[in-house]
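Peer 1: Here is what each chain is made of, one letter per residue.
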Amino acid sequence: MFSNLPLLSLVIWTPIIGGMLVLAIGSKNNIEAKVLALLVSLVTLVLSIPLWTQFDTSLASMQFEELIPWISSFHINYHIAVDGISMPLILLTTFITVIVIIAGWKVITYKTAQYMAAFLILEGLMIGAFASVDAILFYVFWEALLIPMFVIIGIWGGPNRVYATIKFFLYTFLGSVLMLISLLYMYMHAVDVNGVGTFNIQDLHKLPLSLNAQILIFLSFLLAFAVKVPMWPVHTWLPDAHVEAPTGASVILAAIMLKLGGYGFVRFSLPITPDASMTLDWLVILLSLIAIVYIGFVALVQADMKKLIAYSSISHMGFVTLGFFLLWKITDNTGSASGAVLGLEGGMVQMISHGFISAAMFLSVGVLYDRMHSRMIKDYGGVVNTMPAFATFAVFFAMANAGLPGTSGFVGEFMVIMAAFKANFWYAFLAAITLILGAAYTLWMIKRVVFGPIANEQVEHLDDMSGREFFMMLLLAVAVLIIGLYPAPLLEVMHASIDNLVAHISITKIP
Amino acid sequence: MNFVTPDFMPAMPEIFLLSMLCVIMIIDLFLKDESRGATYVLSLIALIATAFLSFSNFSTESITTFNGSFILDPMATILKIAICIIVVGVFIYAKDYLKDRNMYKGEYFTLGLFGVLGMMVMVSAGNFLTVYLGLELLSLSMYAMIAMQRDSIVASEAAMKYFILGAIASGILLYGMSMVYAVTGSLDLATINKAVSGADRVVMSFGLVFIILGVAFKLGAVPFHMWMPDVYHGSPTSVTLYIASAPKIAAFAMMYRLLVDGLAGMQADWQMILIILSVLSMVFGNIVAIAQTNIKRMLAYSTISHVGFIIMGVVAGTQAGYGASMFYAIVYAIMSVAGFGMIVLLSRAGFEAENIEDFKGLNQKSPWFAFVMMAIMFSMAGVPPFLGFWAKITVLQEAVNSGFLWLAIVGVLASVIGAFYYLRVIKAVYFDKLVDETPIQASMDIRLTLSLNGMAILALGLYPTVLITLCITAFTRAI
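Residue numbers (this note's numbering), protein chains in the order written: chain A, 1 to 511; chain B, 1001 to 1479.
In isolation and in its complexed conformation, chain A is listed as follows (with noise of 0.2 Å):
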């Protein structure tokens, strides 16, 4: 398993790098920059390809490690690795990346090449945010994103991109800050096997915390990665957000970008305050339970197929934080910490799965808009008649996102639906109903949009999708279907980094 090559650093730089030539070449040449930039993400793509295939699926430990010393004088590392539960998210960014440059292929017409970079910088970061194991690298890769993301909404966004991006910047910079004075907090306090202080993840897991201590890091800690996921109430930011953003930015913002913090949850919150989890789990399972139920309501009532989508993810994203937080009153239910790990398996597989589905909705969206330049459902109608093509894709998204069976979106909501019963029956109960919920609001704007008469002369003159959007959604189908069939190889890559994490939580850090 072990090969010369820095792999990981490989896959973090190349796109950065690559997006930095692309700004370079890019003042003048538009189309040489946007070949460029599909080269650099299909490079990353390949590149972290081996991430996959050489990765040793009985070690729950970190893989493809690298150390590097950076600030001596904080004991700061350039210390990556990845294990079970990054690495999906890692190549779910680089697959997802080169669909956004193609997406943004024959759209983006103002400043092409700043485009096309800031998304692969922003790829470069987000892959660094997964794969960092000191907690401060992590902090600067969690913090230095948000420019790239703050740029593309403000730029090429709607008409009041101004208002959306920087509401999203603050949001995310609040919840974050807090948790930066928690990691200081805890490197006054943690040592390494050398016996100076750190900040690897990895010793701050077994850095012992009084039961207050671990709950004020806990809050602080929910409060960063509240804000991303994002959990109800915190979850205002994601709809401005959407709306105003160009497609490209709605895909990697619902895809990935959400998913950092559910990954914070399991990198950071379980194992760092698992006591403090286990006394406020009741608090995040009522906010993902809000989430899921009150959200998916709200959702039902969108006359804006994003905002609509944007509702829908924030309902999904609810399953995940759900399925992480489960297992305590499993443990309490059962009797065995067993019954977790299909919890913490099923908030994962959703993660991956809602990455797939969220982005193939909001590229429909994407489709539609560049044609009639509205996102309004009232302004649709009959659009089978006229792009039958894209209808097939729209239907077969739309009942992923319902969580039909066969399809990944299933697989996920059902894992964490049977934990949920494990735990109590009033969760299943809850969250099941989103069953209906989800089934309703996206079959419904389906209905309204892709079925019907042609509602209007507009409608009547589309175009059905170009090979370039047909192969996207394609690829996007693809994936959604293998997961979706057969997401056994998914969850064997898993495995055994959930299981030592919940061994690893099923222990009390209180001294």
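Derived from the structure by calculation, the hints contain no laboratory data.
Backbone N, C-alpha and C define an ideal beta-carbon position, used for all residues, glycine too.
It cannot be assumed that every hint is accurate.
Unchecked claim - List time: in silico DSSO-like cross-link candidates among lysine-lysine, alpha-carbon distance up to 30 Å:
1. A/Lys167 x B/Lys1433
2. B/Lys1161 x A/Lys111
3. A/Lys206 x A/Lys378
4. B/Lys1099 x A/Lys111
5. A/Lys167 x B/Lys1427
6. B/Lys1194 x B/Lys1105
7. A/Lys167 x B/Lys1360
8. A/Lys111 x B/Lys1427
9. B/Lys1433 x A/Lys106
10. A/Lys378 x A/Lys447
11. A/Lys167 x B/Lys1161
12. A/Lys106 x A/Lys206
13. B/Lys1161 x B/Lys1099
14. A/Lys106 x A/Lys378
As the list claims (entries may be wrong) - A partial selection of chain A residues facing chain B, derived with a Cβ cut-off under 7 Å:
15. Leu67
16. Ile71
17. His75
18. Ala144
19. Val177
What the hints assert, rightly or not - The calculated label-pair distances, taken between Cβ atoms and stated as ranges, are:
20. B/Val1466 x A/Ile25: 37 to 47 Å
21. B/Thr1476 x A/Leu59: 33 to 43 Å
22. A/Asp370 x B/Trp1368: 24 to 34 Å
Go by the hints and put chain B onto chain A.
Peer 2: Leaving out everything else, chain B in the frame of chain A:
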């Protein structure tokens, strides 16, 4: 009593700078206006040579000379080099601006160099009188520089305001020093430090309060900040560049010399006062900056908030905390000089790019300088991977380590508020339509220096190790 010749070597950079200054002044007398470039070049050479001399004078030990009134320690050396390099940048940015406004005279450069000399003396001061000497040399130079544009009403007002307030602050500082002298019987900081424990607490406390007041005025900490926005705004930008950058480094050094070298025994007392100054500066500076439309005023309030962070490191009261403060002061000077450099870059004859609106659509005009501006703003806001983030995190780390968790929390929350107005500038640069179509008219040397300055903010942000280590070991090794 024998007369012993003091060891001049530790003060070599200062002596060299003073000699060069005299030479430059005399040469400048005989120069015609069109050959004024010679003064400019000579000033740059003097600064670079001084920086080099300071570097070759580096000593890991703390050396004192002139009967203890002059200290050469690693902190002094590093800060002197930083001051010289920053002022080199200031002179390069200022040149064209001065030319366009008929202010391209030898006085700007000679006064600037006198100010540098004053700062170097402050940084190396080991005696109340040396501190005061350096401070006044710097302040008088700055008063005169602000007033150089004598037909401008705002500039004269700014100079007048700064002079009167500055004189009062100096008087109060002296008053405090005299109280400490009355109790301890010495002006020498090391001797005072030893005498503090046996001295009368009441008089010492009064002395301490007045001394801190003087320091806070120079730093511009709330509530002694009133002069800053008006002076930053009223001065010609070429002078604002100067007063907003290097003097803050010197003010940090003055704070360190007086409070730690001299009054370390009263740490519990000054910590309390500094905490108040720090919180007020961070919160007030960041909130009021939001309301500004003039970018010079906005940067003045932003400076106030940065000063709060610089003070926070000293509050921590550990060697590493002083190192963090020192790092912050240097980083602040690098960012500040770049920020005002951008204003100079966009200004031209007859036009001052003073308002945030003047930055609208810069990305269409020059993507490169738009990026530099973005780097400066995000750095000031403390967003990684830019340099400002590391300045904030080192100071916060030391505050947390010393048990001031809540102070660190106030600091980060204030910087979230602060992020808003920095974002507003980035919004103007990137998201707004171009209004002023005139191309940038700056000459090549400004463009190059500013690009280097912006790159330094990014590159040092990616690899801050050397600078952080230098600053922190400057304190841990010296003592």
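Peer 1: With reference to the structure, classify each hint as holding or not holding.
Peer 2: These are the hints, each one checked on the structure:
1. A/Lys167 x B/Lys1433: 21 Å, holds
2. B/Lys1161 x A/Lys111: Roughly 47 Å separates the two Cα atoms, so the pair is violated.
3. A/Lys206 x A/Lys378: 55 Å, violated
4. B/Lys1099 x A/Lys111: Roughly 36 Å separates the two Cα atoms, so the pair is violated.
5. A/Lys167 x B/Lys1427: 12 Å, holds
6. B/Lys1194 x B/Lys1105: 48 Å, violated
7. A/Lys167 x B/Lys1360: 20 Å, holds
8. A/Lys111 x B/Lys1427: The hint holds at about 16 Å.
9. B/Lys1433 x A/Lys106: Holds, at about 23 Å.
10. A/Lys378 x A/Lys447: 11 Å, holds
11. A/Lys167 x B/Lys1161: 39 Å, violated
12. A/Lys106 x A/Lys206: At roughly 50 Å apart (the allowed maximum being 30 Å), A/Lys206 and A/Lys106 break the hint.
13. B/Lys1161 x B/Lys1099: Measuring from Cα to Cα gives roughly 26 Å; hence the hint holds.
14. A/Lys106 x A/Lys378: Holds, at about 26 Å.
15. Leu67: 15 Å, violated
16. Ile71: With Cβ-Cβ at 5 Å, under 7 Å, it holds.
17. His75: 11 Å, violated
18. Ala144: Since the shortest Cβ distance to chain B is 5 Å, the answer is holds.
19. Val177: Because about 4 Å separates A/Val177 from the closest Cβ in chain B, which is inside the 7 Å limit, the hint holds.
20. B/Val1466 x A/Ile25: 37 to 47 Å: With Cβ atoms ~32 Å apart, the hint is violated.
21. B/Thr1476 x A/Leu59: 33 to 43 Å: 41 Å, holds
22. A/Asp370 x B/Trp1368: 24 to 34 Å: 31 Å, holds
The structure fails to meet hints 2, 3, 4, 6, 11, 12, 15, 17 and 20 from the earlier list, while all remaining hints are met.
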